[in-house]
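J.: This is what each chain is made of:
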Amino acid sequence: MDVLYFAWVRERIGRPKDVVETQAATVMDLVEELRAREVRYEAAFADLSSLRVAVNQELTDFDAPLENAREVAFFPPMTGG
Amino acid sequence: MDIRVQSAPFDLGQEANAFAARQTGMGAIVTFTGVVRDVAGGLDVMEIEHYPGMTEAALTQIAQDATDRFALGDVLIIHRHGPLTPDDLIMMVATAAPHRASAFEAADFLMDYLKSRAPFWKKEKTSDGSDWVAAKDEDETALNRW
Numbered sequence: 002m003d004v005l006y007f008a009w010v011r012e013r014i015g016r017p018k019d020v021v022e023t024q025a026a027t028v029m030d031l032v033e034e035l036r037a038r039e040v041r042y043e044a045a046f047a048d049l050s051s052l053r054v055a056v057n058q059e060l061t062d063f064d065a066p067l068e069n070a071r072e073v074a075f076f077p078p079m080t081g082g
Numbered sequence: 199m200d201i202r203v204q205s206a207p208f209d210l211g212q213e214a215n216a217f218a219a220r221q222t223g224m225g226a227i228v229t230f231t232g233v234v235r236d237v238a239g240g241l242d243v244m245e246i247e248h249y250p251g252m253t254e255a256a257l258t259q260i261a262q263d264a265t266d267r268f269a270l271g272d273v274l275i276i277h278r279h280g281p282l283t284p285d286d287l288i289m290m291v292a293t294a295a296p297h298r299a300s301a302f303e304a305a306d307f308l309m310d311y312l313k314s315r316a317p318f319w320k321k322e323k324t325s326d327g328s329d330w331v332a333a334k335d336e337d338e339t340a341l342n343r344w
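Protein chains in written order, with my numbering: chain A, 2 to 82; chain B, 199 to 344.
Please note that a few of the clues may not be correct.
Below, in silico cross-link-like pairs of lysine-lysine (BS3-like), each with a Cα-Cα straight-line distance of 30 Å or less [said to hold, decoys possible]:
1. B:Lys323 x A:Lys18
2. B:Lys334 x A:Lys18
3. B:Lys334 x B:Lys321
4. B:Lys323 x B:Lys334
5. B:Lys321 x A:Lys18
These aren't lab readings, by the way, just hints derived from the structure by calculation. Note that the coordinates shown come from a computational prediction; the quantities given were computed from them, not determined experimentally.
Go ahead and model the full structure; you've got the sequences and the hints to work with.
T.: If you want it as structure tokens, here you go:
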């Protein structure tokens with residue numbers, strides 16, 4: 002699946018996207034896998050209260066299942082308008 | 199319903215006129231425009247990042263919710279991304295309804311949801327460096343009004 006990063010999450014990880022092979026059942030499981038990759042991922046995912054997540058381009062929660070997920074995106078709270 | 203996400207500038211007068219011209223039987227049209235503001239002083243560039251695909255989907259959903267809730271005749275949302283400078287127009291919404299109360303309320307509703315539910319992020323660049331604009335708690339609590 003495609004894992005996308007936006008704003009300071011993208012900057013902290015140092016790339017806009019990863020293509021990952023995963024058996025993660027939930028967003029939280031995926032976060033744990035990403036955290037284990039490298040220090041910069043651990044840093045980006047240190048405080049989940051400052052992050053939001055979308056699965057297949059819809060906002061959801063960290064306990065959301067990843068069944069049928071093609072695209073998961075992590076980003077800070079949005080500042081539109 | 200007309201939803202546009204673009205880097206190019208837009209002409210507020212032209213958009214407002216075109217929106218008004220295509221309505222029939224709507225007694226009230228409200229427009230709101232967001233402008234880049236140099237809050238702390240020294241702002242050179244405001245860079246707006248977004249999530250292509252999700253942005254359009256989220257704006258369409260917000261516009262649909264407003265249409266259903268306030269029985270709007272029509273909605274326009276234009277939101278820019280990319281580098282902007284102070285006093286540039288960032289975005290606009292226009293709402294058309296039979297009466298003014300629902301047109302005003304719908305514009306207010308659209309702005310509250312656009313602030314915290316549309317995937318845009320702002321980065322302010324000054325001579326001292328650059329920083330992401332943090333979301334405000336009151337933007338989130340503003341959604342509870344609806």
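J.: Now tell me if each hint is right for this structure.
T.: Structure-based check of each hint:
1. B:Lys323 x A:Lys18: With a Cα-Cα distance of about 24 Å, the restraint between Lys323 (chain B) and Lys18 (chain A) holds, given a limit of 30 Å.
2. B:Lys334 x A:Lys18: Roughly 27 Å between the alpha carbons, so the hint for Lys334 (chain B) and Lys18 (chain A) holds.
3. B:Lys334 x B:Lys321: Cα-Cα ~15 Å, so holds.
4. B:Lys323 x B:Lys334: It holds: about 19 Å lies between the C-alpha atoms, which stays within 30 Å.
5. B:Lys321 x A:Lys18: holds (20 Å)
Checked against the numbered hints above, the structure violates none of them.
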